[in-house]
Amino acid sequence: MAKNATIESKAQVKAVKKTAKPIRGTIIIISGLVFLCFSFILSISLGAADINLSTIYNAFFNFDTGVTQHQIIRELRFPRIIGAALVGAAFSVAGALMQGMTRNPLADSGLLGLNAGAVMMLAISFSFFPGMPYVYTVLLSFFGAALGASIVYGVGSLSKNGLTPIRLVLAGAAVTALLTALSEGIALYFNVGQDMAFWYAGGVSSTKWEHLIVITPIVIIMIFIAMRISRSITILSLGEEVAVSLGERTVRTKLISILVIVVLAGLAVSVVGAVSFVGLIVPHLTRKIVGYDYRWIIPVSAVVGAVLVVVADLLARTLNAPFEIPIGALISLIGVPFFLYLARKGGKEL
Amino acid sequence: MSDALEVQNIQVGYQNRSVIEDFSVTIPKNKITTIIGPNGCGKSTLIKTVSRILKAESGAIFLDGKAINTLDTREIAKKMAILPQTAESPGGLSVFELVSYGRFPYRKAMGSLSKEDYEHIHWAIDVTGLNEFKDRQISDMSGGQRQRAWIAMSLAQGTDTLVLDEPTTYLDLAHQLEILLLLKRLNEEENRTIVMVLHDLNLASRFSDYMIAMKDGDLITKGTPEEVMTKGHLRTLFNIEAEFQSCPYSGHPVFTSYHISKQEDSHG
Numbered sequence: 001m002a003k004n005a006t007i008e009s010k011a012q013v014k015a016v017k018k019t020a021k022p023i024r025g026t027i028i029i030i031s032g033l034v035f036l037c038f039s040f041i042l043s044i045s046l047g048a049a050d051i052n053l054s055t056i057y058n059a060f061f062n063f064d065t066g067v068t069q070h071q072i073i074r075e076l077r078f079p080r081i082i083g084a085a086l087v088g089a090a091f092s093v094a095g096a097l098m099q100g101m102t103r104n105p106l107a108d109s110g111l112l113g114l115n116a117g118a119v120m121m122l123a124i125s126f127s128f129f130p131g132m133p134y135v136y137t138v139l140l141s142f143f144g145a146a147l148g149a150s151i152v153y154g155v156g157s158l159s160k161n162g163l164t165p166i167r168l169v170l171a172g173a174a175v176t177a178l179l180t181a182l183s184e185g186i187a188l189y190f191n192v193g194q195d196m197a198f199w200y201a202g203g204v205s206s207t208k209w210e211h212l213i214v215i216t217p218i219v220i221i222m223i224f225i226a227m228r229i230s231r232s233i234t235i236l237s238l239g240e241e242v243a244v245s246l247g248e249r250t251v252r253t254k255l256i257s258i259l260v261i262v263v264l265a266g267l268a269v270s271v272v273g274a275v276s277f278v279g280l281i282v283p284h285l286t287r288k289i290v291g292y293d294y295r296w297i298i299p300v301s302a303v304v305g306a307v308l309v310v311v312a313d314l315l316a317r318t319l320n321a322p323f324e325i326p327i328g329a330l331i332s333l334i335g336v337p338f339f340l341y342l343a344r345k346g347g348k349e350l
Numbered sequence: 001m002s003d004a005l006e007v008q009n010i011q012v013g014y015q016n017r018s019v020i021e022d023f024s025v026t027i028p029k030n031k032i033t034t035i036i037g038p039n040g041c042g043k044s045t046l047i048k049t050v051s052r053i054l055k056a057e058s059g060a061i062f063l064d065g066k067a068i069n070t071l072d073t074r075e076i077a078k079k080m081a082i083l084p085q086t087a088e089s090p091g092g093l094s095v096f097e098l099v100s101y102g103r104f105p106y107r108k109a110m111g112s113l114s115k116e117d118y119e120h121i122h123w124a125i126d127v128t129g130l131n132e133f134k135d136r137q138i139s140d141m142s143g144g145q146r147q148r149a150w151i152a153m154s155l156a157q158g159t160d161t162l163v164l165d166e167p168t169t170y171l172d173l174a175h176q177l178e179i180l181l182l183l184k185r186l187n188e189e190e191n192r193t194i195v196m197v198l199h200d201l202n203l204a205s206r207f208s209d210y211m212i213a214m215k216d217g218d219l220i221t222k223g224t225p226e227e228v229m230t231k232g233h234l235r236t237l238f239n240i241e242a243e244f245q246s247c248p249y250s251g252h253p254v255f256t257s258y259h260i261s262k263q264e265d266s267h268g
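First to last, the sequence lines map onto chains S and B.
According to the working numbering, the first sequence is numbered sequentially starting from 1.
According to the working numbering, the second sequence is numbered sequentially starting from 1.
Mixed in with the good hints, there may be bad ones.
Stated by the list, open to error - Looking from chain S toward chain B, a few residues come up when the C-beta cut is under 10 Å (computed): (1) Leu46; (2) Ser237; (3) Leu246.
Derived by calculation from the structure, the hints in this document are not laboratory data.
Every residue gets a Cβ at the ideal spot worked out from N, C-alpha and C, and that includes glycine.
Please put together the full structure from these sequences, using the hints given.
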C-alpha cells in the first residue's frame with residue numbers, strides 16, 4: 001500500500017526512466033523516417049530509367065506534363081513507393097497485433113490464411129464484377145481476409161490438443177493452398193489469370209493515385225486505433241488469465257484488434273498481393289530493439305515495415321532491370337529462414 | 001469477522017460437464033485462506049470463477065459485499081489481484097516492466113506512469129526482495145525469482161485481496177517456503193487477505209488461518225487448520241491415513257508420513 005511504500009529517491013526513479021526503452025524507440029522511429037525519406041528518393045531516381053535529383057525536385061515543384069520523366073515520377077514511381085510504404089506498415093502492424101493478441105510468435109497474415117482469403121475474394125471480384133470500383137474491391141478483400149482467418153482458426157481448433165502456434169501455421173498452409181487453388185481455378189475459368197498472376201507474386205507496380213486515396217486514410221486510422229489499444233495488447237500478451245485479473249476488457253480488445261488486423265491485411269493484399277512474412281519478420285526485429293511494450297512495437301513496426309517493403313520494391317525493380325522480380329519472392333528469401341529460426345526456438349521469445 | 005469474498009450457490013462447468021454445483025463458501029477478511037483437495041476436486045475451477053475467467057452458470061460471488069458480475073472489471077482489479085497458475089511472461093521482459101503492468105487498472109489509454117504508480121512498483125519490487133534484479137530479464141531468472149516477480153506484479157496492483165493459484169508449484173523446498181513466508185508477512189504487516197490453492201498440506205496447515213477442503217466439486221469441510229487437518233477429513237479427501245504432530249513453527253497440525261487407507265496392510 002502507498003502508505004507503507006518505500007519511497008525511492010528521485011534519482012533512482014530517474015535511473016529507471018533512463019534505462020527504459022522509449023528513448024530507443026523514439027530514435028528508431030526518427031531514424032526510420034529519415035531512412036524512409038532517403039529510400040523514397042533513391043527509389044524514385046533508380047529504376048528502368050534512372051532519374052536525377054533535380055528532375056525529381058522539378059517533378060514535384062515545377063511539374064511539366066511535357067516531360068516524360070516528370071510523368072513517370074508522378075504517375076508511376078511515387079504512387080508505387082507510397083503504396084509500398086503503406087503496405088509494409090499495414091502488414092507489420094497487423095502481424096504485431098496478431099502476435100501480441102494470440103501469443104503466437106509465428107503469427108502473420110500470410111501464414112494464417114488472411115492473405116490467401118483476400119486474394120480469393122479479389123479473384124471473385126475480377127471474375128464476376130469486372131470494372132467494380134476500387135472501394136468495393138477493398139471491401140471484398142477485407143471480407144476475404146476475415147474468411148481466411150476464420151477457416152484457419154476453425155480447422156486449427158479441430159485438433160484435439162488445442163491450438164499451438166505450429167498447428168495454426170500448418171492449418172494456415174493447408175487453407176492457403178486450398179484458397180489459392182480456388183482462386184487460380186476461378187481466374188482460369190473466367191480468363192482473368194493475367195490480372196491475377198500479379199497478386200500471387202506480389203508487387204506494387206500498378207499502384208495508382210486512385211488506390212492511394214482510398215487506402216491511405218484507412219491505413220492511418222487503423223494504425224491510430226492499433227496505437228490506442230496497444231497498452232491492452234501488451235497486457236493481453238501476458239496471457240488471457242493475467243489480463244483478466246488486471247482488469248483488461250479482453251473481449252473488447254480482441255474484437256477491436258481482429259477488426260484492425262483484417263482491415264490492414266485485406267487492404268495490403270488489395271495493393272500488393274499475397275505477400276507473406278512482412279508481418280512475421282518486422283515485429284520480431286522491432287521487439288529486439290524496443291522490447292515488449294506494444295505502445296512502442298506498433299509505431300516502430302509501422303516504420304520498419306514501410307522501410308522494408310520500399311527497399312524490397314527498389315531491389316525488385318533494379319536487381320534485374322528492366323524486368324521486375326516479384327516482391328513476394330524477394331521477401332520470402334529472408335522470410336523463410338527467419339521462420340525456420342523462430343519455429344526452431346519454439347516461440348520462447350514471446 | 002467480515003468476509004472478503006462470499007461465494008453463493010454457484011454452479012460452474014466446462015461445456016456440458018458441471019464441475020461445481022450449488023457451492024457456497026465464505027473467505028474471511030485479513031486472513032490467509034487455503035483451498036485444499038485432490039486433483040480435479042474443483043479448487044482451480046473455484047479460483048477461476050472467482051477471478052472471472054470462468055463464468056458461473058448460476059449463483060453469485062460477492063467481493064466486499066458487491067456481486068462481481070455487477071462491478072466493472074477494472075474496479076475489481078483494484079480490489080482483488082489474481083495470480084493464475086500458468087502465468088508465463090514474454091521472455092524479454094524486465095522485472096520492472098512486468099511489475100509495472102500491475103498498475104494497468106489505474107491507467108488511461110496513453111498516459112505514462114504516475115508518481116504513485118512508481119511508488120507502488122518500487123515498494124512491490126522491494127518487498128519481494130527483487131531490488132537488485134529489477135532490470136534483469138524474467139527469462140534469465142530462476143523459478144523462485146520469477147514467481148516473486150509475478151507476485152510483485154500482483155502486489156503493485158495495490159489490492160486488499162490477493163488470490164494465488166498454486167503459487168509454489170515447480171519451486172524447490174526453500175523457494176516454496178520463501179514465497180509462503182513472504183505472503184505471511186504481507187498478511188501480518190499489511191493486513192492483506194490472501195487466498196490460495198496449495199498442494200502441500202503441511203505448508204497449507206502451517207501458513208493458513210483458515211482452510212477450505214473440497215472433493216468432487218463439494219465442500220467437505222472448512223475452518224481452522226486444527227478443525228480441517230484431522231485423520232477423518234484426510235481419509236475422506238485423499239484416501240490416506242496420516243499421523244499428526246504439532247508444527248514446531250506454527251503449532252498447527254502437520255503429518256510426517258501417511259498410508260493409503262484401503263490397502264490396510266500392503267507394506268510397512
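- Ascending list of hint numbers which this structure does not respect: 1
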